[in-house]
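The whole structure should be built from the sequences, with the hints applied where relevant.
Letter by letter, the chains look like this.
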Amino acid sequence: MTANNLLVELFVEELPPKALRRLGEAFSAALTESLRAQGLIDPAAQTTAFASPRRLAAHVTHVHAKAADRAVTQKLMPVAVGLDKSGAATPALQKKLASLGFGADAVASLKKQMDGKADALFLDITQAGVSLADGLQKAIDEALGKLPIPKVMGYQLADGWQTVHFVRPAHKLVALHGNSVVPVSVLGLNAGRETHGHRFEAAVDPIAIRDADSYAAQLESEGAVIAGFAARRAEIERQVAAAALKAGAGLTPVDDDALLDEVTALVERPNVLVGQFEEAFLDVPQECLILTMKANQKYFPLLDAAGKLTNKFLIVSNIRPADTSAVVGGNERVVRPRLADAKFFFDQDRKKTLEARLPGLAKVVYHNKLGTQGERAERVRAIGHAIVNQMRMETVPYTALAKDEFDVLDSKVQEAARLAKADLLTDMVGEFPELQGIMGGYYARHEGLRDGVAIAIEDHYKPRFAGDALPRNHTGTVVALADKLDTLCGLFGIGQLPTGDRDPFALRRHALGVIRILIEKNMGLGLTQLIEAGFAAFPPDMLDTGAASKLAEFIFDRLANQLREQGYSAQQVDAVLALRPERLKEVPRLLDAVRTFAGMPEAVSLASANKRVGNILKKVEGGVSAEVDASRLAEPAEVALHAALQSVKPAADLAFEAGDYTGSLKALAALKGPVDEFFDKVMVNAEDAQLRTNRQGLLALLHATMNRAADLSRLAA
Amino acid sequence: MPMSERAVQKLIILDRDGVINEDSDMYIKSVAEWRPLPGSAEAIAALNHAGYRAVVATNQSGIGRGLFDTATLNQMHAKMHRVVAQAGGHIDAVFFCPHKNDDHCECRKPKPGMFREIARRYERDLTGVVVVGDSLRDLQAGVAVGCQPILVKTGKGLKTLAAGGLPAGTLVFNDLAAVAAHLRA
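Protein sequences, first through last, are from chains V and B. Those letters in the first sequence? Residues 237 to 953, by the working numbering. Those letters in the second sequence? Residues 38 to 222, by the working numbering.
I should point out that these hints are in silico values taken from the structure, not numbers from a laboratory. Ideal Cβ placement from N, Cα and C applies to all residues, glycine included. All the pointers check out, no bait thrown in.
What follows is a set of in silico ranges between Cβ atoms, one per label pair, in the way DEER data are often shown:
(1) 340/V <-> 160/B: 52 to 62 Å
(2) 534/V <-> 160/B: 47 to 57 Å
(3) 401/V <-> 132/B: 56 to 66 Å
(4) 72/B <-> 777/V: 52 to 62 Å
(5) 882/V <-> 72/B: 37 to 47 Å
(6) 272/V <-> 154/B: 31 to 41 Å
(7) 157/B <-> 862/V: 37 to 47 Å
(8) 857/V <-> 46/B: 26 to 36 Å
(9) 165/B <-> 857/V: 36 to 46 Å
Result set (DSSO-like, lysine-lysine): computed pairs, CA atoms no more than 27 Å apart in a straight line:
(10) 374/V <-> 302/V
(11) 374/V <-> 408/V
(12) 47/B <-> 908/V
(13) 190/B <-> 917/V
Below you can see the structure in the form of structure tokens.
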């Protein structure tokens with residue numbers, strides 16, 4: 237059986253750029269899978285995918301002209317229906333055999349087998365392997381059917397009458413096995429070996445592909461097309477880097493993978509050129525210029541060695557004319573209005589102060605159950621003020637100097653909170669919503685507001701994504717915290733909880749922001765108090781205050797997730813978070829303490845003893861108080877345990893209060909012996925009620941002593 | 038010895054009547070008749086403390102004979118779970134065979150059907166896992182899948198010991214508490 241390489245290409249009109257990569261991969265993967273399922277390719281086969289704006293192609297090695305024949309056992313019918321009493325074939329069986337192409341002589345070779353409940357007749361058939369033409373036809377139909385296309389278009393074939401549906405009109409089909417054409421057809425096209433190269437610059441047109449293996453080379457040499465997506469992307473990257481070097485010393489192109497993918501999907505023959513705009517535009521904030529050049533024009537702006545935008549940019553063109561001045565000139569002419577728009581917005585916006593825009597915020601609805609943006613800004617201000625007060629309470633000693641600093645912080649926080657959303661009403665943010673906060677910072681600086689306030693306005697959205705930086709200054713940190721708390725408390729309070737697959741308000745991101753700020757900025761604020769401050773900022777009947785506990789649960793859930801991702805073991809994370817520590821900033825140190833403890837030889841025994849103690853205490857009706865009447869201790873083992881507790885508890889508690897969590901857990905090691913001895917020798921549930929209650933009290937005291945830093949029972953197997 | 042995060046779970050398989058609770062030739066047919074043997078609940082707690090998960094495997098042909106129904110069995114087991122919990126312990130699972138002798142099922146001890154089911158549910162081999170019983174058939178069923186047999190002298194234990202023919206390597210202890218003490222050592 238001749239195994240040869242196969243090439244299939246569908247030549248179409250320009251495909252949607254953002255989807256091109258996905259379509260290319262899906263097409264070749266589905267095609268290969270179908271051929272494999274039909275037995276037409278070897279296990280060693282390799283597939284190469286090609287995708288360019290005008291073509292989807294796949295090259296598959298080790299493809300057979302015909303699949304191997306397969307032995308198949310086919311169930312015919314139950315014995316009772318197929319054979320009469322003498323064992324001869326019934327008319328029904330004869331008819332069935334005839335339909336499969338067998339005569340009466342096949343009856344003798346039929347097998348009887350139990351199939352579920354009754355005996356049935358089985359026939360061994362050799363199924364002929366499918367031919368490549370038939371198999372490939374099926375494969376192409378399947379591959380096209382499975383392409384991830386959200387919306388297809390209907391268009392007419394060359395006869396002007398028949399309508400077919402595909403993402404874009406298809407004009408040619410190539411299907412080569414080795415050097416022969418495979419007779420398949422799709423979308424009204426019959427397979428051949430002809431295709432077209434570059435729309436304008438092909439050396440040869442049409443191109444007759446010699447065989448499956450010469451496809452890529454012919455397209456490049458005769459068609460001036462780099463057919464492979466990865467190869468074209470690499471070529472663009474190379475040209476972009478080279479052009480940046482040539483454009484000036486130390487110039488680097490903006491780094492954007494998504495943009496690179498997009499331009500790769502827009503050109504067949506990349507040619508990177510350098511353009512420039514009037515330097516006067518550099519007065520406009522560079523974020524605006526970069527955004528419009530990338531998003532609207534698909535350029536790569538060039539930055540200088542310090543990361544500042546220059547007036548030069550890179551154009552990825554699809555043509556390679558001898559004289560590029562028309563291309564460059566055209567692009568320069570076209571980018572000017574874009575930049576002029578940005579400049580216009582910037583100039584217009586600055587004619588009004590942020591303060592002057594505040595009444596406008598009262599007219600923008602934030603959420604129909606949570607009021608306007610104006611009301612929201614006011615709440616964030618109130619929460620920010622409450623946070624600063626909580627920070628005051630945490631500061632020991634609270635000197636006069638500290639008070640003054642907090643007063644300044646308070647005033648900056650309130651100002652920033654009030655003005656932080658004003659930039660949402662500017663033209664620039666209206667045009668480029670991604671610039672919210674950034675523009676607020678620029679306009680605040682322009683107005684001459686205090687530096688700390690401008691930075692806070694810019695930073696209060698951070699962290700905007702996983703791995704983003706946190707706000708840079710105290711004011712920004714407090715406003716960011718307040719803003720996230722308003723969002724979380726508000727949406728939880730009206731029942732808009734995130735579910736497993738839906739989180740339209742990005743509450744997970746907000747919760748993680750709160751966690752990261754408290755821990756990484758080392759803020760010793762209590763979570764319950766913060767959530768209370770959040771809920772308190774809302775009008776009395778707006779929220780379901782019962783949701784406060786759900787919010788706390790949610791935040792601890794996110795924290796547990798994040799800690800596990802950071803590599804802490806699930807058991808150790810559970811042990812620490814089970815106690816719901818108030819100050820999240822303590823969690824890393826608590827975890828380190830638990831980790832150290834878990835490495836100690838006494839840990840196994842103490843952890844499972846803790847579990848046993850917890851189980852016993854859980855079952856006592858009416859709860860147990862951690863009180864022991866020393867005079868009622870009878871057995872030596874319980875006296876010894878009590879004595880051990882008396883000596884260990886003060887040391888452990890002292891260490892815990894000083895924040896030495898590792899030390900407080902280490903101190904518990906001394907309890908191992910007495911605890912084991914106690915369980916070996918003493919029956920807790922004694923007959924005598926007083927003995928029993930006393931022993932339960934002793935266990936409660938032990939439990940409280942052991943579980944200050946973490947719930948040690950979670951460490952047990 | 039420091040703790041490992043994912044050690045293979047230690048199991049111990051216990052017969053019920055005569056090991057955990059008092060047995061009767063007329064079957065244990067009601068909650069009132071189900072009375073724990075002294076120290077057995079604490080023994081299970083001690084086994085948990087030593088890292089063992091306790092699983093019960095018990096013949097309950099009384100159901101097949103119509104002497105009581107599954108609902109009553111569940112009530113008896115609820116009592117058992119409660120008593121064990123009060124001592125700080127936990128029984129992970131209860132496997133029971135409701136069939137009479139002439140039902141020729143796969144699960145009635147000494148047939149190893151229940152043990153195979155335990156192996157399947159816990160996704161592990163039972164080689165070396167301790168099985169505790171007071172009758173020969175408890176031990177035979179376990180030995181068939183590679184368990185380590187332990188006979189206790191409570192319930193029918195003394196009679197079983199006297200009759201002889203115990204599987205090779207059977208250890209003998211006074212009661213479940215003694216077994217726990219031995220395994221904790």
